[in-house]
Amino acid sequence: MSSALHLHYEVSGEDFTRAGEASSSVKKRLKSLGYDSDAIRRVAIAMYEAEINMVIHAEGGYCDVDIYPDKVEILLADKGPGIPDVDKAMQEGFSTAPDNVRNLGFGAGMGLPNIKKYTDDMRIETTIGVGTNLYLTVIVHK
Amino acid sequence: MTTKEIIGKLNLDTLVEGDLDREVTSCYIGDLLSWVMGRAPEDSAWLTVMGNINSIAVATLADVSCIILVENAALDDDARKKAEMHDVTILRTEDNSYSLALKLSELI
Numbered sequence: 110m111s112s113a114l115h116l117h118y119e120v121s122g123e124d125f126t127r128a129g130e131a132s133s134s135v136k137k138r139l140k141s142l143g144y145d146s147d148a149i150r151r152v153a154i155a156m157y158e159a160e161i162n163m164v165i166h167a168e169g170g171y172c173d174v175d176i177y178p179d180k181v182e183i184l185l186a187d188k189g190p191g192i193p194d195v196d197k198a199m200q201e202g203f204s205t206a207p208d209n210v211r212n213l214g215f216g217a218g219m220g221l222p223n224i225k226k227y228t229d230d231m232r233i234e235t236t237i238g239v240g241t242n243l244y245l246t247v248i249v250h251k
Numbered sequence: 002m003t004t005k006e007i008i009g010k011l012n013l014d015t016l017v018e019g020d021l022d023r024e025v026t027s028c029y030i031g032d033l034l035s036w037v038m039g040r041a042p043e044d045s046a047w048l049t050v051m052g053n054i055n056s057i058a059v060a061t062l063a064d065v066s067c068i069i070l071v072e073n074a075a076l077d078d079d080a081r082k083k084a085e086m087h088d089v090t091i092l093r094t095e096d097n098s099y100s101l102a103l104k105l106s107e108l109i
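Protein chains in written order, with this note's numbering: chain A, 110 to 251; chain B, 2 to 109.
Just chain A, same shape as in the assembly (with noise of 0.2 Å):
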């Protein structure tokens, strides 16, 4: 099927407050064509929370997401420093979150989990001192 839009963003690393910029664009865009309110929602929060975690742990990176009809796809791609372990990760609670991040209310090793739980489908390619790809499905419905 081909892309119906494809939308490219970058990600700052060094502004935390300004992340969160990507996702609320991707969230009106698909308010404007129309797509459903919880979807929306899945979507918006999958992709804040990556977000927020290529500002805290990679220094940035950049965001492609294309919306179809019936799926958004996205990946989220950073240089950063890789995950170590990534089903340490994915565990609730688990965060390696600086001090500072966390007085802002996140760190909560929150981020993976309820990515995966907003998403269909997602998949993490990451490589220590490389960088990390975050790929990301939610299925849609208009």
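Because the hints were derived from the structure by calculation, they are not lab data. Hints are all accurate, no fakes.
Distance condition first, Cα-Cα at most 30 Å in a straight line; then the derived BS3-like pairs of lysine-lysine: (1) B/5 <-> A/140; (2) A/137 <-> B/82; (3) A/137 <-> A/226; (4) A/226 <-> A/140; (5) B/10 <-> B/104; (6) B/5 <-> A/137; (7) A/137 <-> A/180; (8) B/82 <-> A/140; (9) A/225 <-> A/137; (10) A/225 <-> A/197; (11) A/225 <-> A/140.
A few chain B residues that don't get close to chain A, going by computed Cβ distances all over 12 Å: (12) 3; (13) 85; (14) 104; (15) 108.
The structure presented is a predicted model; accordingly, all values stated were derived computationally and were not measured. Ideal placement from N, C-alpha and C gives every residue a C-beta, glycine not left out.
Place chain B on chain A using the hints.
What follows is chain B alone, placed relative to chain A:
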């Protein structure tokens, strides 16, 4: 019950006025943003002490009806600006979360 009615009945301060006609159908309490984002129900009143800019993003993404800052918690200036930009209603009370939730439960 609408946000506007709740403001009147619970005597809340309005710091940022978004869509006050939005219905409030439940209440959620939490300060860890990822936790809240994954669990706060849509159209809920979110009770928290976190008044920073990331709270606004969470409120928008979780699609809550309003943020209620409890125990007179502070609202950062950049958070206020972002809330105005995104039409996120921010209210404030001197009550703690428990007291306010008890009062809310009688209304919704």
